[in-house]
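**Student:** Residues per chain are reported as follows:
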Amino acid sequence: MDVIRFTLNGQSVEERGIAPTTTLLNYLRHRGLTGTKEGCAEGDCGACTVALLEEAPDGTGRWRAVNSCLVLLPMLQGREVVTVEGIADGDRAHPAQTAMVQNLGSQCGYCTPGVVMSLFEATYRSDLDEAWKLDDQMCGNLCRCTGYRPIRDAAKAVAGTRPRDRFLERAAVRAGQGMKLAYAAGVQRYFNPVSVGELCELLDTHPEARIVSGGTDLCLEVTKKRRELPLLISVEGVPELRRMERRPEALVLGAAASLSDVEAFTRESCPPLHRMLRYFASRQIKNRGTLGGNVCNASPIGDTPPVLLALGASVTLRRSSGTRTVPLDAFFLDYRKTALQAGEFLESVTIPSIPAGARAAAYKVSRRRELDISAVAAGFFVVTDDAGRVTEARLAYGGMAAIPRRAAGAEAALRGQPWNEASVEKAVAALAKDFTPISDLRASAWYRATVAGNLLRGFHLETRDQHVPHLPQRPNATLHLQPSPGGQS
Amino acid sequence: MSQPTPLHHPALHESGRLHANGAALYVDDIPPPKGMLVGQVIPSPVARGRIVSIDAAEAAQVPGVYAVLFARDVPGHNQVGPSFPDEPLLAEGEVHCVGQIVGLVVAEDLAACRAAAAKVRVKYEELPALLTVEQADAAGSYIGTPHFMQRGDPDVALAIAALRFNGVVETPGQDHFYLETHCALAIPGEDGTFTVHSSTQHPSEVQAKVAEVLHMPRSRVVVLSPRMGGGFGGKETQGNHYAALAALGALKTRRAVKVWLDRDEDMTQTGKRHPFRMTYEAGFSSDGMITALKARLLANGGWAADLTIPILDRSLFHADNAYFLPHVRLEGRAVRTNLPSNTAFRGFGGPQGMVLIEEIFNRAAERLGLDPAELRRRNYYGDAPRNVTQYHQEVKDNRLARIHQELMASSNYVARRAAIEKFNERSPHVKRGIGMQPVKFGISFTMSMLNQAGALVLIYSDGSVQLNHGGTEMGQGLHTKMLVVAAHELGLPPERIRVMTTATDKVPNTSATAASSGADLNGQAVRNACAVLRDRLRPVAARLLGLSVEDAHRVVFLDGHASVPGGTERVPWEKVTERAYVEQVSLSATGYYRTPDIKYDRAQGRGKPFHYFAYGAAVVEVELNGLTGEHRMLRADILHDVGDSLTPTIDRGQVEGAFVQGVGWLTCEEVIFDAKGRVLTHGPSTYKIPAVGEAPEDFHVALLDRAPQDGVIHGSKAVGEPPFMLGIAVVTALRHAVGAFGQVGREVELALPASPEALLRAVERARSAVAHGKARAG
Ligand SMILES: Cc1cc2nc3c(=O)[nH]c(=O)nc-3n(C[C@H](O)[C@H](O)[C@H](O)COP(=O)(O)OP(=O)(O)OC[C@H]3O[C@@H](n4cnc5c(N)ncnc54)[C@H](O)[C@@H]3O)c2cc1C
Ligand code: FES
Ligand code: FES
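Going down the list, the sequences are from chains A and B.
Mapping of the first sequence onto this note's numbering: position 256 corresponds to residue 256, and the numbering continues sequentially without gaps.
Mapping of the second sequence onto this note's numbering: position 2 corresponds to residue 1002, and the numbering continues sequentially without gaps.
In short, the hints are calculated from the structure, not lab data.
Note that the coordinates shown come from a computational prediction; the quantities given were computed from them, not determined experimentally.
Backbone N, C-alpha and C define an ideal beta-carbon position, used for all residues, glycine too.
Do not rely on the hints blindly, as some may be mistaken.
[Claimed, not checked] Covered stretches of chain A, as calculated for chain B (at least 3 residues, CB under 8 Å):
1) 109-118
2) 197-208
3) 453-464
Based on the sequences and whatever the hints tell you, model everything.
**Tutor:** In structure tokens:
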């Protein structure tokens, strides 16, 4: 099979002979669909946003805004895409377009098609129930002209209005998550298996293949490093890998579950992870990026590893011969090196339930609050006994070393000690021995070290009243500290 | 619905519908002409070096490659600098910064370009480079001549000042980060002519540079600037290079050639806002009146002059901002370094000058224990003799006091400041701060001759109208405003007028759309052209209305009809134009305008460089986390003076957008170079402009009402740049919050940009000062 089939603005398209690493953005623009713009080709500006029909956990569809600069053409196999040119109804503009025009949401107009497509997703979402969520929805769309006020107004006007139109109708029907594909063009190949069995078999035959999930990390190798990537095997078409399950003792999250699905799923079931995902990338990235991709990418500044480490997560790895479970602690070996062996893939992540009384939270500090890479990320988990002494402590950091890892010295300093300010100060002091962070363009070593300690201090303060803090109403800073009613403490 | 005139009424953006449905065309969206090739730049990898040898033989063999071009291939003048001939299009002999253009590969597609570029072998002998202002200043590496301004005797005034302090202020660079990167498409025509589509704010200069590079008269080159996806000054001169390269490629290959930069190329090669290093000494009276200021402003120009000198000049013109400086001496100098050549950016030096004086006022307020807003109010320009700037221009129509009073009331500043102090008392780790910031900004190109503009209006006999003017549209809404002006003059609903693509074969010898002057200058030209046509049509209409020719002057055009006031009869516009054609009346006219009465003597530091001043003020409240240095803007209130706004909806958008851009400059954005002069922040993953969350949660923007400006089109005022500087308010607010972590009456040390890291350092300093104080007291 060497044909990619998908639906573009309501019309079926078949493509062959095109390099499988062709991005959707380049494809659209070459086809003359120049409404979709390139502002960066790295997922960070949103000018290239289009909408993809995705299968929801309940099997129905939903429109999801994605960065077309980070979507490879074969990823569309059997799926449906709409661009800014395809959402009007004849001469009648889509409400997202009208809202932008009426609010003067465009000045130079270059960000506008992307903004419109993020608004398009917002139009059909039914969970945008708080004001800050509109910012979360729109933070992947940079606009240099407007200062965002009119874009916010447009978002307010359309979010959750769910007009009864062809897009709503289309989403009600079973969407399907793509079709099986074995594609070749020139020397490059791309496989999209749709069952675990097929995936295992393919990896057995091609242990040298690169695995791709949402592609939000991997595609940068194409757009920025200009790699050719001869052989890609996708995991996103395998339904088992997208499953999310809440068991009494643990959450089991499929490796290919999208981060926006994980975000929604963990709101009650795992507040620390949910909170971390609120500060993770942008809506578009979270719509494509997956938990498994974040873990396997093994970046020292990946945001979910610290919180997963703190919560004592483990990973289940699979190959045709069977599965093995590895504590996440033992998964990250060295800079960008994991315990994954050739031919093996990550199937799921298991997060033990947070025991009653335990304290747990996660933090991310970056130059810009939204859509930025961490300077420091942290996940903390502390259990105390009846006497208030620490029996268990897991303090994990990202951005502090070559891999995301725990602070052994600081943890030891806490164990057996009363959970109070003095013990926290001892742990903070011990952090200096646990890590020797580097200076780079995101932050200096001084800043990283200072903030790492301050986050632990902040964790102590923040969990005084609420042991597992939920996302605050107005999530201003990742560390949420209320003024004390009684004056300076 | 039609209204008698669209003037001073809300309007939608003229291209809004096309923006929103994806049909709006930018240069890169133009369908490729047959056989089009693409060009890619070969940039210098070193900050300074001698080109030892160039070998492109292998590159030329790459399949799909049509040409590999270097300086030796330029038939004409290898120069694209706007003011001095110090900026070769393609490097000759030496390279002066990383990213300087050394060569151009022209090929069938970008993949072939890249493959060939990788095979071009240029050998450099690396030479020592100057990267910082201090290095260049010490080495005596300057651009142009210094600029001095003086009044009174600052040395004596300093000697007797009750409060006297000195310091250094460094302002950061800023990438324009227009969403549309640079792009140009050159198409060869018959008989050695060229049509160039360019994403430029200055089509006439692009035309001139292309003609010089190709060695032909300008009449052979037509440059069109369709809309730009943002400019902000970054496309005032920087587009020259890419248009000239595309044209050179087209000349050599006889095919259409497009040169488009990806984001990384754009951010590596093009110039940015000038970083400044400013040293000062200031004196104040005990009641907070500034008595003396001595300052030296050093601008980092990068490797070529570009617009550095007028930018430096404007920083000096705005080192007073809104305040009367009784005794003052300013020195401005620009240094030449081995960085990309810095260029125009919204505010054009004004922001840097203002940050200096605002820092001085913040420090004075902190030392004197005065509310910084009150300190500022006391120092505003006022009645004579406190109404003359340091360059001896009189400040007329001073609206500072009025704006201050109205904004302080509407923002509830005093009560909120008190509430913040209370909040801060019981919040050890999170502090709030509030800051007020006035702005006074001079309007006009400070190079006086540039203050001219032209327009060409064409009426077709069916009554439809084409409007051409010399300004370019980059999102600022100029076309919308010009449409409003023309519709008002001709008495037509705006739908009947089309604004045409800005093109050098419609209006010649235009100035850049810059200095916020686009609407002021072009608006007058459009109005003049329309007035000519209206006068020609009056006698025609009079005849149709059955009036005598003597009564022609009474004819008015309104709502698509000609009539006389009080009369009952109306003739539709298209009947008039149809009849005019029959009567052999010319239906096209040009308009022209120049700003009267401005001149400046740079050698003397004296004159009237500005036609008028625009004013505004902002009040900003922030919340700062003392454990991480993260902050958030809780609320912003702005009152801005745009005169009688031509189009209030457009002006509001300019104010909001400029403000947030100014805040970005001083907070989350940071251009970082390594020790080799390579920019590390060359994409949005590392260069962070404000995202939606950086905009204030609670945003109140008002335009000053009842504020017509004399001598400007329909009483309006320029709006593009002035509100950028309202963003400086965030610094005052942040300093307030930082200060709350320490002891009252202590000066805050906050570096710019106020990133979380800079803020955390400032907080730690403030805290340790407290600890120190305690230790000493104990
Ligand atoms: C603009 C932008 C912003 C971002 N912001 C953040 C951020 O805030 N925080 C953050 O942590 N990251 C961020 N990222 C990085 C990225 O989005 C995340 O790491 C994401 O979770 C990756 O998931 P993916 O499915 O897209 O991975 P992919 O790109 O598909 O894969 C990433 C790597 O993991 C491997 N892999 C993927 N799935 C499996 C599997 N099941 N088994 C074995 N190997 C596998 C791939 O081979 C590849 O090497 C950002 C990226 C971009 C472009
Ligand atoms: S082009 Fe910027 S996000 Fe895709
Ligand atoms: S309108 Fe210009 S970038 Fe958004």
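**Student:** Of the numbered hints stated previously, which ones are contradicted by the structure, given in increasing order?
**Tutor:** Of the numbered hints, just 2 does not hold.
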